[in-house]
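Please construct the entire structure, taking both the sequences and the accompanying hints into account.
Chains as they are written, first to last, in our numbering: chain A, 7 to 195; chain B, 7 to 195.
Derived from the structure by calculation, the hints contain no laboratory data.
Owing to the predicted nature of the structure, the values given are computational and were not obtained by experimental measurement.
Accuracy of the hints is not assured; some may be wrong.
Heads up, the list lumps identical chains together, so a pair's fine if it works in one copy or across two of them.
Lysine-lysine pairs mimicking BS3-like chemistry, simulated, CA-CA at most 25 Å apart [what the hints assert, rightly or not]: (1) Lys17 to Lys93; (2) Lys183 to Lys143; (3) Lys136 to Lys183; (4) Lys39 to Lys136; (5) Lys68 to Lys115; (6) Lys93 to Lys68; (7) Lys132 to Lys68; (8) Lys183 to Lys93.
Number of protein chains: 2
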Amino acid sequence: MKQKLVDYFSKIIPLTDEEAGAILESIVTKTFKKGDILLREGQVSTEVYFVLEGCVRQYYLKEGEEVTNGFFTEEQWVISINSLSQKVPADHYWVCSEDTTVVIGNEQKENDLYCRFPRFETISRKVMEKVFGEQQKLNVSYFTATPEERYLRLMNTRPDLFQRIPQYQIASYIGVKPESLSRIRRRIR
Amino acid sequence: MKQKLVDYFSKIIPLTDEEAGAILESIVTKTFKKGDILLREGQVSTEVYFVLEGCVRQYYLKEGEEVTNGFFTEEQWVISINSLSQKVPADHYWVCSEDTTVVIGNEQKENDLYCRFPRFETISRKVMEKVFGEQQKLNVSYFTATPEERYLRLMNTRPDLFQRIPQYQIASYIGVKPESLSRIRRRIR
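Following this line, the structure appears as structure tokens:
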């Protein structure tokens, strides 16, 4: 399964056999159970995850209620960039929505790879560009789209989520109450 | 004024005199007039800007109406990461809200610097982390905050915007109609 990460990097920059080998050798994977929490509000994030299989949900607590703003599935990165790079407490939670296998990265491992293979710095920058780009897109959809448009976009881009995630969490992600999601679904049908 | 960019980088990673000199020598600045458009929807973005003085507003057209989702002022980066890195048409506009002086960067210049000073790759990655972090924060504020909370946060973090930007654009940025912004302001007073 580790090969998935090598394949992912290779799509960004073709890797030499030596580089691919170094990645395979250095990466650590771990499988979490559904419901396991990877990060809590108030903790400083020290790890990044690359999802090999499963789903990690990101949520905030707002007056005791969970507000979901991310589902990270296969080949997506789970990164809390502020907490990680500025070493400040995270303002959100990460919880496994399913049994989930991830590659675990941390600063030490990253820096070791940069030293041995300076090209990884380029790869890392390009990964960041990709993740940042996805974030910008998501952001735009919150500024410019109605909940109904967000629902349709999610159906088109990530249809699997509707099989994997409870309705009320999808509703939260789209920014509406569960009743409104039911109304949207009826209207669209 | 170019020195501002060197100072900005130095805060991220201390620069050698040679590196600082190379930056000063290579960067190009340009001053735009209020109302000048730096990027239009449909164009592929080929440049990034670092604001030395002034303000660039980012907006989308939604059914003919402008939806503002960014104000970039002194020491902020103006980057359309998807358009730039994937060479796809931008979905938004950048317009100068004031006479604005920027440093102009592009891929060619960046790669030249990486070749001469590999450490710039690290700086670039860290800049990306910073910009990405700001984006994540903004995103969270749209998922979890009410318009009133967003207004208060903006007052605390970027009070200068209220002197620089017309009310209706602030309203759009906060995600409400101008009338609602007036109500929010009255309630807070």
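Between the shortest in-copy and the shortest cross-copy C-alpha distance, which are at most 25 Å for Lys183 and Lys93: within, between, both, or neither? neither (34 Å within a copy, 37 Å between copies)
If the cut is 25 Å between Cα atoms, do Lys39 and Lys136 qualify within a copy, between copies, both or neither? Classified as neither: same-chain Cα gap 28 Å, cross-chain 32 Å, threshold 25 Å.
Measure nothing new, just compare the shortest in-copy and cross-copy C-alpha distances for Lys68 and Lys115 to 25 Å and report within, between, both or neither. Classified as neither; 34 Å inside a copy, 44 Å across copies.
_Identical-chain pair category, Lys183 with Lys143, by Cα at 25 Å_ = Close inside one copy (23 Å) and across copies (23 Å); limit 25 Å.
My question is about Lys136 and Lys183: at a cut-off of 25 Å on alpha-carbon distance, are they close within one copy, between copies, both, or neither? For Lys136 and Lys183, neither the intra-copy (31 Å) nor the inter-copy (33 Å) Cα distance is at most 25 Å.
Have a look at Lys17 and Lys93 and pick one of within, between, both or neither, based on CA distance no larger than 25 Å. between (31 Å within a copy, 16 Å between copies)
message = Within a copy, between copies, both or neither: which one fits Lys132 and Lys68 at a CA-CA cutoff of 25 Å?
response = Neither. Shortest intra-copy (33 Å) and inter-copy (30 Å) distances fail the 25 Å Cα cut-off.
**OP:** If the cutoff is 25 Å on CA atoms, where do Lys93 and Lys68 land: within, between, both or neither? Let me know, please.
**Re:** within (22 Å within a copy, 38 Å between copies)
Hints 3, 4, 5, 7, 8 from the earlier list are contradicted by this structure; the remaining hints agree with it.
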